[in-house]
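Counting from 1, one number per residue, gives the positions in the sequence shown under the UniProt record's numbering.
Among the hints, a few may not be true.
Claimed, not checked - In silico PhoX-like pairs for lysine-lysine, Cα to Cα no more than 20 Å straight-line: (1) K291 - K158; (2) K134 - K157; (3) K291 - K146; (4) K317 - K369; (5) K308 - K188; (6) K188 - K102; (7) K369 - K338; (8) K134 - K95; (9) K338 - K317; (10) K157 - K317; (11) K100 - K134; (12) K338 - K308; (13) K338 - K385; (14) K308 - K291; (15) K157 - K291; (16) K230 - K188; (17) K102 - K134.
Keep in mind the hints are simulated off the structure, nothing from the lab.
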Amino acid sequence: MNDNTKDIEQVLQDITFDDAIDLAHKDLLQQKLLLNFNASQTRLANAGRFTMSSKIVRFAAAAVILIGVFASLLLLDGTSSTIWAQVRDQVAAAKAVVYKAKVETTENGQPVQFQIEATLADEHGTRLDTYLGKQLLGRSFTLADKRSHISIFPAQKKYIEVELTEEKRIENGDPKLIVEAFLRGDYKKLGRREINGLTVEGIQSNDVSATAGFPGGRGLMEAVGKTSAKVTGSLWVDVATSWPVEITLEITDKNGNEQMTIVVSDFQWDVEIDPATFASVIPEGYELMYKVNAEHLEDGNQLVDGLKYFAGINDGKYPATLSIRGVVVEIGSIYGAKSGDPSFQIDDAQVSTLKYGAQFFESLEADGKDPVYHGPAVSAADSDKVLLRWKFDDSQYRVIFGDLRIEDVTATRLQELEAK
1 MNDNTKDIEQ VLQDITFDDA IDLAHKDLLQ QKLLLNFNAS QTRLANAGRF
51 TMSSKIVRFA AAAVILIGVF ASLLLLDGTS STIWAQVRDQ VAAAKAVVYK
101 AKVETTENGQ PVQFQIEATL ADEHGTRLDT YLGKQLLGRS FTLADKRSHI
151 SIFPAQKKYI EVELTEEKRI ENGDPKLIVE AFLRGDYKKL GRREINGLTV
201 EGIQSNDVSA TAGFPGGRGL MEAVGKTSAK VTGSLWVDVA TSWPVEITLE
251 ITDKNGNEQM TIVVSDFQWD VEIDPATFAS VIPEGYELMY KVNAEHLEDG
301 NQLVDGLKYF AGINDGKYPA TLSIRGVVVE IGSIYGAKSG DPSFQIDDAQ
351 VSTLKYGAQF FESLEADGKD PVYHGPAVSA ADSDKVLLRW KFDDSQYRVI
401 FGDLRIEDVT ATRLQELEAK
């Protein structure tokens, strides 16, 4: 089936994580690659664009995150090995690194390959370019002097900006913090081999985090359903210099059905970075697709704005499930049901607001925040019923009611409210 003849209601219904679809459009791949896709294009496909399936889109997004875990393999607690202590110290002291990654998977028996080029520099920030063949799908920046993460899409001449909290800005892409944050477990030695004429020594770990280590890491993993993926990582370092030479990541989903291999190589450690690499982040003529504020995610206002929009187009009813996948499928159904109304349009920015809010809500479970969503049983008319809640601190829960007001309550008060 060709999307060139599809309207958005069918496209949105097809965008799931299980059903194979023919995505003859680069726009969707580009945006979903970074957690976003434009939900309101009435015609998503144009002639001459390549074909992608939902699985490949998912693999591509996972790749963007996972290549960032290279430094996570470098923190080796309890080791007495001189070479690994030197690796840890050198990486921690490095002011900049440039590297490339090759992502390989299969789709319908056919090989698929993505390429990623990354630059991380203390002085400037992080830049990541993602290619399919020679086509630039997207470019993202997290700048050292700004609290924002910017993703640009050359084919559309559009960009997305995420305003980060100071904590999130510091975490994004800093290799020293990546080293400090990830591997804190066991590993086994792989011995020595040669890579491009260099004698290297390797280790293997099954404790590599699949949800952190790169700007927006866990959010992207949640978006593509890979938070429970099994990752086996192998790190090879130059025996002579103690610098990492190659990282291999083998990723398998929790059911063991989908596999992907990422090889990170071509490292250039502690190199001088041309400031032009981080110049003209937003090219002239590019249009803002939408803007997200991370502080609003954490205080719940992002969710409120997104849920208000959804209830407004769905007769006061909230999403059945508060997940990115669920939201997209339901919006597709709503659009299909109202396709005869020429005045009805999907608001891209509002849909994206809800998707980011849903992604944040999904992350709360991994953080042990005891999130609960009562959407199927609560509508906009139920002003005193708990629509959703999560643990805000040690003594309080943050509650969003059916009328979308936000309150912080004790656990005892929450029990009373949820008993209604």
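Unmet hints by their number, sorted upward, for this structure | 4, 5, 6, 7, 8, 10, 13
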